[in-house]
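Engineer: Take a look at the letters that make up each chain.
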Amino acid sequence: MAMSQNIISPVAGAAEPTPYGLLAEFPDPQALLRAAAAIRQAGYRRWDCYSPFPIHGLDRAMRLKRSVLPWFVFGGAFTGCFAALAVAWFCNAYAYPLIFSGKPYWGLPANIPVAFPLTILFGAVTTFLALWALAGLPRLHHPLFFSARFRRATTDGFFVTIEATDPCYDLAATTQLLRRLGAQAVEVVKDC
Amino acid sequence: MTTAITAPFAPTDLDNTGDELLREPVLVTGPATYQAVTDQVCRVTEAPRAPRAWYVAMAISLALLLLFGVLITYAIFTGVGVWGNNSPSFWGFPIINFVFWVGIAHAGTFISAILLLFRQKWRTGINRFAEATTVFAVVCAGIFPAIHVGRPWLAYWLLPYPNIMGDWPNFFSPLLWDACAVGTYATVSILFWYTGMVPDLATLRDRATGRIKPAVYGLLSLGWRGSARQWHLYERANIILAVLATALVLGVSSTVSTDMAVSQIPAWHETIFPPYFTAGAIYSGFAIVLALAIPARELFGLKDLITKRHLDNLAKLALLLGSMVLYIYLIEFVIAWYSGDPYERFAYLNYEFGPYWWLGWGILFCNGVVAQAFWFKFARQTWWIAWPIAVLCVMGMWMERFVIIIVSMHRSFLPSSWHMFVPTWIDIGTLAGSFGLFFTLFLLFCRYCPMVAVSEVKAILPQAQTRDALANGRH
Chain H
1 MAMSQNIISP VAGAAEPTPY GLLAEFPDPQ ALLRAAAAIR QAGYRRWDCY
51 SPFPIHGLDR AMRLKRSVLP WFVFGGAFTG CFAALAVAWF CNAYAYPLIF
101 SGKPYWGLPA NIPVAFPLTI LFGAVTTFLA LWALAGLPRL HHPLFFSARF
151 RRATTDGFFV TIEATDPCYD LAATTQLLRR LGAQAVEVVK DC
Chain A
1001 MTTAITAPFA PTDLDNTGDE LLREPVLVTG PATYQAVTDQ VCRVTEAPRA
1051 PRAWYVAMAI SLALLLLFGV LITYAIFTGV GVWGNNSPSF WGFPIINFVF
1101 WVGIAHAGTF ISAILLLFRQ KWRTGINRFA EATTVFAVVC AGIFPAIHVG
1151 RPWLAYWLLP YPNIMGDWPN FFSPLLWDAC AVGTYATVSI LFWYTGMVPD
1201 LATLRDRATG RIKPAVYGLL SLGWRGSARQ WHLYERANII LAVLATALVL
1251 GVSSTVSTDM AVSQIPAWHE TIFPPYFTAG AIYSGFAIVL ALAIPARELF
1301 GLKDLITKRH LDNLAKLALL LGSMVLYIYL IEFVIAWYSG DPYERFAYLN
1351 YEFGPYWWLG WGILFCNGVV AQAFWFKFAR QTWWIAWPIA VLCVMGMWME
1401 RFVIIIVSMH RSFLPSSWHM FVPTWIDIGT LAGSFGLFFT LFLLFCRYCP
1451 MVAVSEVKAI LPQAQTRDAL ANGRH
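Each protein sequence line maps, in turn, to chains H and A.
Going left to right, the first sequence walks through residues 1 to 192 as our numbering numbers them.
Going left to right, the second sequence walks through residues 1001 to 1475 as our numbering numbers them.
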């Protein structure tokens, strides 16, 4: 996020701080979807939509790239499976081979009951960690939380933000665009 | 029940169980606005005082939890001889309770994972709630093997770790499989549950007043903002976790069943055991979710979110799983007869006509017969019929675990090693105490966590559907 670039000197009397960007509220998911498509076509880059629940079609309207998350999960799950089989082989077949009930030292089927849960365990833990890492969470604060209006984003508010660092950002023109797209309210969000 | 919470809000409790052709069933009766859905769930945690019944239930649960703690401490300090475990019934109550609680856990994962993959929209009303029962049941389950080892401070020996004792893990041992399966199940169900709860914790954070609540919910919700990029990742992660959890639903009780199936004991050494345990597990889980949903929707005024249709569907699923369990009971008798093995035949005769005959018939009655009442709409939709049936199913499944673990073992091959198993009062108290632990955790969850998945319920409201979703047949 743009926070690091926009830290304002705390010296008293400093210039008006650079805002985080514009926050616009839309009445419903359908309006948000239309606005998202228009904002993307207008050439904005640093912007996002906010809703209390996932809106289907929004990722396509915003042209969001498919997340790389599944690849992390595959890596994690593969590591878990391989690690389980490797440890089982090392212990029971290589370093300290013992005969259990007359069976061979090494057999893949007999080791699946350990490899299977470990595949899932590693896959799930990777999913969990990669989800939050890719989502940029956890974080203790975000400029949007300065906005009282934005608190409704988790109840019934549908929002678009356009960041001030966006190359196309212009306070007057962007506000006008958002209004034209049907925003009920547009406000400037401060950064700190 | 007039309570502090339900008083200002009268749920409509409409009957939405009918099916109309070409029309989606109404899953949220009453005011179906985003705000109303949020309010209904959040006011349970935001009310300054819980309903009086909550305090009563909490007091009973805490008393049982205290009993649980005291009895476990006593058993640890005195030794496992305080239980009824003997030779040949080495496993006794702790392992019965372990298998029982693991089974109870299964419905939550089934509802939130398998029904998610099958795009069953009605799951959104009860999935959070059911997942909570999963997590708490796994907590109860995990305690029993740990105390059953007799020296719980050495319970970590179950895990394969490098040590200087010359102690090598045996990867062919079902006990190690169990530790892996249950450990994984506990971890994954907690991750799945918590991940699902983050957006709703953010809702609570944004509504919270005062000093402590915004901070606590703020930390727990990880700074969730509900941006499209976050939702995109979140939905993918949820589907992936659901796929992984689905594999676990089918895998965990299967692994637990190998504790028995891999041995030589008559009536244990059977290939039907993995599906048998899994069907019974999911069945008991549905029964407990039903038994908890009926009072909880009443007590917390959630009748418009956990509607009659949800209860109806839960009862239908309990009927399906109960019928599978009945089928397996019957097929086991056939297999025992058809095998021609005298020990196998004896084991099944001993189930029904041995000294524990009342348990053998009890499980046929509770799991096989009683659940069949759910064929009738009247039984599914009348709480004073559905609730006792659900409780009988849970009891029946506990008795089934008793029959499998004790009755098979107490008379195996050699009559010289036959011995009756009689539980001590400490066994019974510890079982009761584990319910105390479960209900304490569950009541705390009801009071302080979003009990219904608010964001998921909103996503299935009619006004949340976009044309894009309709055009692509995606919901």
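Hints in this document: simulated from the structure, not taken from any laboratory.
Among the clues, some could well be false.
FRET-style restraints, in silico, Cβ to Cβ [claimed, not checked]: (1) Q41/H <-> T1017/A: 43 to 49 angstroms; (2) R45/H <-> I1164/A: 56 to 62 angstroms; (3) R34/H <-> V1369/A: 54 to 60 angstroms; (4) L140/H <-> F1376/A: 52 to 58 angstroms.
Ideal placement from N, C-alpha and C gives every residue a C-beta, glycine not left out.
Engineer: CB of Q41/H to CB of T1017/A, is that within 43 to 49 angstroms?
Structural biologist: 46 angstroms, holds
Engineer: If I claimed the Cβ atoms of L140/H and F1376/A lie 52 to 58 angstroms apart, would that claim hold in this structure?
Structural biologist: At 55 angstroms between Cβs, range holds.
Engineer: Does 54 to 60 angstroms hold as the CB distance between R34/H and V1369/A, or does it fail?
Structural biologist: 57 angstroms, holds
Engineer: Does the Cβ pair R45/H, I1164/A satisfy 56 to 62 angstroms?
Structural biologist: 58 angstroms, holds
In summary, this structure violates none of the numbered hints.
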